[in-house]
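Chemist: With the sequences and hints as input, model every part of the structure.
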Amino acid sequence: DFNNDGWPELLITGDFFGSKMFWNNKNGTFTECSESCGMDVRINAMGHTIGDLNRDGFDDVMLTGIYFSSTACNFGNCLYGPSGNALYQNKKNGTFTNIEQEIGVKNGYWAWGASFIDFDNDCKLDIVSTNGMNTFETVLDDEYTKGKMQLFHNQGNLNNTMIDVAANEGVQYNGQGRGLLVFDFEDDGDLDVLVVPNFGPVQFFKNKGSDAYWIRVRVFHKCLNDVRKLCDSYGARVSLNNETEMYQTSSIGSKTNYLGQSELTAHFGLGKIEVDSQVTVFWPRTKQQVTVIGVPVNTKLDVIQPDGNINMTIMWSEIAECPYLFIKYVSQPGIGKIVINQDMKSLKYDPSPLTLFDVGEQTFKYTVAVKPDSFNLQSMGMVELDMRTVLGYTICNGSFPANTLFVKSTSERRLDGKSNNMGNVNWGSVSQPLIQLAPRFYADNISDPASACSLTQRINSNCPYPKEFSGLGSNRPSPRLISNVLMKQIDERFSKRNISDFTWHYGQFIIHDTDHTTLLPRFEFQYYENHVWMPITIPKGDVYFDPYNTGQQYMPFVRSQYNKCTGMYPGNSERKQLNTISAYIDGSMIYGSSVSRCAGLREFKDGKMKLENSFPPKNVDALPNENPTGRPYDQLYAAGDIRSNVQPGLMALHTLFLREHNRLAQNYLYNNPMASDEEIFQKTRRLVIAELQSVTYNEYLPAILGGKLPKYNGYNESINVDVSNEFATAAFRFGHSQVNSFIFRLKPDGTPIDEGHAILREVYFKPHRLEREGGLDPLLRGTIKFRSQEVDMLMVDEMRNTLFPTSDDSTGTHSGFDLAALNIQRGRDHGLADFNTVRKYLGLKAYKSFSEITSDKSIAKNLELLYENVDNIDLWVGGLAEDHVKDSELGETFHKIILEQFIRFRDGDRFWYEKNLTTEEIADVESRSLGKIIRLNTGFTDCPDNVFFSSENCIGVKNHQCIPRLFSNDKFFRTANDVHFKDKHNEQGDKIKLLIILASVFGAFSGLLLVIAFVCLKLKVHAGNEISSNNQNCVVNIGNNNKALETVA
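FYI, in the UniProt record's numbering the residues of the sequence shown are 1 to 1049.
Misleading hints may appear alongside valid ones.
[Claimed, not checked] Calculated lysine-lysine pairs in the DSSO-like style (CA-CA distance at most 27 Å, straight line):
1. Lys708 / Lys915
2. Lys467 / Lys861
3. Lys540 / Lys488
4. Lys206 / Lys337
5. Lys20 / Lys540
6. Lys496 / Lys896
7. Lys365 / Lys348
8. Lys20 / Lys91
9. Lys206 / Lys106
10. Lys206 / Lys148
11. Lys287 / Lys208
12. Lys618 / Lys540
13. Lys683 / Lys610
14. Lys605 / Lys618
15. Lys337 / Lys605
16. Lys208 / Lys328
17. Lys915 / Lys896
18. Lys467 / Lys540
19. Lys328 / Lys287
20. Lys287 / Lys92
[Unchecked claim] Restraint-style ranges between C-beta atoms, simulated for each label pair:
21. Tyr712 / Gly541: 51 to 57 Å
22. Ser346 / Leu377: 16 to 22 Å
23. Glu717 / Arg663: 32 to 38 Å
24. Lys208 / Leu325: 57 to 63 Å
25. Leu842 / Pro748: 44 to 50 Å
26. Gly381 / Asn549: 52 to 58 Å
27. Lys840 / Ser331: 52 to 58 Å
28. Tyr712 / Phe204: 47 to 53 Å
No lab work stands behind these hints: they were computed from the structure. Built from N, CA and C at the ideal position, the CB exists for glycine as well.
Modeler: Next up, the structure:
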């Protein structure tokens, strides 16, 4: 409210299109007065702060901006407009005047968040601001990398001249500051500052205080939506006066307005003269006023709007004491001691007899109560202390000292994977970069996606696919185009080796134990689009994603999180993506990779994990969870891994191993009745991890690889278990080809349950479907009985067109994702080398022609049609196209990548079960096949021992190969009496009918072409599995050019 008429104005600070001021007409409309009010339009403004700088009762405003030196202006012509910060002093007549040059605050380098602040309580407003910019796009901006945070101290003269005292006062930070907020952290009467930078940890500046006095005022009214509660009176005006005639005013509201909301308290510094003050609060909306007389120094005053249209004057001595919070009780961490300080509001941590270097990560709980209190109100919180990233260590060196007591005393496996390798404590731990088997192939050697066109190509207009990467262009086709040409699946193609459908569910479960690369926040600042976003181009007329033939559709794609000390500018190392969980096979998908997540999953009684009616607990505590379809968070499961709710088969395995943990915990307690909860939990966790390792290496991997892994020869401390980019981003995604369209569910007699088999696209992130439709037993029977799809180039619609579908009720439309396209784009995002280059670095022979990759001539021809050059193939595509190694599910390249990674997982693990367990414990663990674990924890008591081969098609397993039955009718069992299968079959029929109708509209010639296509389709349906794996036989002879590719799509 710049003119104190009770009607607030509207100030907008804008960067590229200028800042604007709108005057309130008091009739529901505004009038722009930017220039007429004396506020010159700034096109490089960032943030602003509002306060009564000259203490005349009218608010002034400062806008932060970019200060251009004379050098920069000479070279760049100051393209951003006027230079530096702007401070507009209110002239009390509806206009403002510029005073930034006069008082000395114009040069803020590249300023962002700012706030008026009386940091020394001398009753004169000072200014604190963040700044900093780092861009490698032009050397003209290099001068802004040296910009430091600024604290302008008001000298108290007639002009309020200011001097930057940041260095003297300890506000030293030259990072890329952005958001800033001001608040009294310790509730001790002086203002502290917190800065959130563009990169790295937050910066907190704690005010050491002074001997000057202060008064703090909070203003409340009864909330309009609940009169039993009090709300902050945003916009109320507070004024303070005393015998020193130092009149001050402040509006209730945030003093910061760029990426940070400060406290809503009116803070008044009083200087060093101890004198009572008069405080007046005015509510503009109701025009009510309350005045408190005789308020002593160092007082915190809460003023509540009175009922009715009355004004009040109150003596301070008549006011009752306000309730306050205090810490009543605190638990003790595992290392060190917590002491409640004398103020009862803060704690002291004493790590004795160790040092802060040794304590690592500790947790404790505390209880807060209220005084005075007749209702016994109290609340409990938990603190996670992580001392590994403090004490002068920057985010770029990343580690804490290895030779500490803490590391040397680590006898149990840590949740975060730290200190498993005592010589390299970070290997395999949370937030380690993915390592490379072959060099990264970023187009600019920094971060531009693999296959992106060079600047020379773009200048010469010879970039083959100029629309890719939002106009950056690519030397490879759109991932969706590749998916349409190579991976469209029409017929079911069952596993030739009779691998069970259960296998891909377990594969997903185990990879969630070793790898998770999350997406960048969607609104990362100061980046060009391709640094964060890489939308996938949709071919014009795509049936699923461009049904209206616009040619303007894109599939959303966000790039992966990476170490911000990499991939930033020339000379910096290339972008390195992060693995956000521990790489070891350590049950992190069950127990979590942090103490805090694990604590939310434990019963803390008898060593057990939480279960609700024998299923994982609902996420009522709102632990972080993946939820792309927008389900209510408290209806999803809480588990160690945030992806546990993706689909029912994965949920079933989470449920199974939680039951197994509690079963083993009960057994341990029976044999050790005096054991503590923590002892039972750790001993049980060790056994569950051992079971996971045994099942994976003795059952799952031999089924996939076609034989046992090389013999275990003991722990090797020189082996780094960190996950390779090639493994996580390409090779182990082979399982996406195994997925069926249905989640198979059978009764004990082998027929579908009453609800039928579930269509996969209908059960993403719906755990209630698992609980309410038969539970674990039917799902396990069905997925173990039937075969998976063959590992090949093809993927079912539920993965390729309707992954994670969402609905728009307003338009009746449905949308989803294409996982094949996402996989290809993710490889480019991560800078994966092309298929042949990876083979060379693996010690394999490079292919000289497309026909060498695969014996399927149609696939080879389509690969050539898409990629043209055999040295240009995406790794994931080439790996799937390869002929399989004999008796395995994988081609030579993926076989070697996966084998290499799992050997490192095993041999580089200091806690590997064959090293840490006794001979008797190893024999006991290895006696429990996954089939036996299922029998022990479900009603599926006739589950076969080896669950990775179809029980319908195999009478047994020998040398990790199926012993086939002479006759199998698994297709009958899949489809008979299954209403969901019939619905899908009818849906496909309806689509074919629709095509025929459209053909009649477009004329006889077009109709004839569609009839031909229809005949081709019908022939393929009748031919079943005998037809070639390629589904584009009718179009494979189209010419080798870009237009032809669009026509194919």
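Chemist: Evaluate each hint against the coordinates.
Modeler: Here is how each hint holds up against the structure:
Straight-line distance between C-alpha atoms of lysine 708 and lysine 915 comes to about 19 Å, which keeps the hinted pair within the 27 Å bound. The hinted pair formed by lysine 467 and lysine 861 meets the criterion: a straight-line CA distance of about 24 Å does not exceed 27 Å. The suggested pairing of lysine 540 with lysine 488 holds, with an alpha-carbon distance near 17 Å, which does not exceed 27 Å. A distance of roughly 24 Å separates the Cα atoms of lysine 206 and lysine 337; the hinted pair therefore holds under the 27 Å criterion.
Distance check on the hinted pair: lysine 20 and lysine 540 sit about 42 Å apart at the alpha-carbon level, beyond 27 Å; violated. Distance restraint check for lysine 496 and lysine 896: the Cα-Cα separation of roughly 21 Å lies within the 27 Å cut-off, and the hinted pair is therefore satisfied. For a cut-off of 27 Å, the pair hint linking lysine 365 to lysine 348 stands: about 14 Å separates their Cα positions. Of the pairs offered as hints, the one joining lysine 20 and lysine 91 holds, with about 18 Å between alpha carbons and a cut-off of 27 Å not exceeded.
A hinted pair counts as satisfied when its Cα atoms are at most 27 Å apart, and lysine 206 with lysine 106 qualifies at roughly 26 Å. For the hint pairing lysine 206 with lysine 148, the CA-to-CA distance comes to about 18 Å; that is within 27 Å, so the pair holds. Straight-line distance between C-alpha atoms of lysine 287 and lysine 208 comes to about 39 Å, which puts the hinted pair past the 27 Å bound. Between the alpha carbons of lysine 618 and lysine 540 the distance comes to roughly 43 Å, so the proposed pair goes past 27 Å and is violated.
The hinted pair formed by lysine 683 and lysine 610 meets the criterion: a straight-line CA distance of about 17 Å does not exceed 27 Å. A hinted pair counts as satisfied when its Cα atoms are at most 27 Å apart, and lysine 605 with lysine 618 qualifies at roughly 19 Å. With a CA separation close to 24 Å, the supplied pair lysine 337 and lysine 605 stays within the 27 Å bound. Straight-line distance between C-alpha atoms of lysine 208 and lysine 328 comes to about 26 Å, which keeps the hinted pair within the 27 Å bound.
Between the alpha carbons of lysine 915 and lysine 896 the distance comes to roughly 25 Å, so the proposed pair stays at or under 27 Å and holds. Distance check on the hinted pair: lysine 467 and lysine 540 sit about 12 Å apart at the alpha-carbon level, within 27 Å; holds. Between lysine 328 and lysine 287 the CA atoms are separated by roughly 42 Å; this puts the pair beyond 27 Å, and the hint is violated. Between lysine 287 and lysine 92 the alpha-carbon distance is near 21 Å, which keeps this suggested pair within the 27 Å criterion.
About 54 Å separates the C-beta atoms of tyrosine 712 and glycine 541, a value consistent with the hinted range of 51 to 57 Å. For serine 346 and leucine 377, the Cβ-Cβ distance of about 20 Å falls inside the hinted range of 16 to 22 Å, so the restraint holds. For the hinted restraint 32 to 38 Å between glutamate 717 and arginine 663, the CB-CB distance of approximately 34 Å keeps it satisfied. A hinted range of 57 to 63 Å is violated for the C-beta pair lysine 208 and leucine 325, which are about 24 Å apart.
Checking the proposed 44 to 50 Å range against leucine 842 and proline 748 shows it holds: the Cβ atoms sit about 47 Å from each other. Our hint of 52 to 58 Å for glycine 381 and asparagine 549 holds, since their Cβ atoms are close to 56 Å apart. Between lysine 840 and serine 331 the beta carbon distance is about 57 Å. The supplied range of 52 to 58 Å therefore holds. Distance hint for tyrosine 712 and phenylalanine 204: a CB-CB separation of about 48 Å, consistent with the stated range 47 to 53 Å.
This entry does not satisfy hints 5, 11, 12, 19 and 24, going by the numbered hints stated previously.
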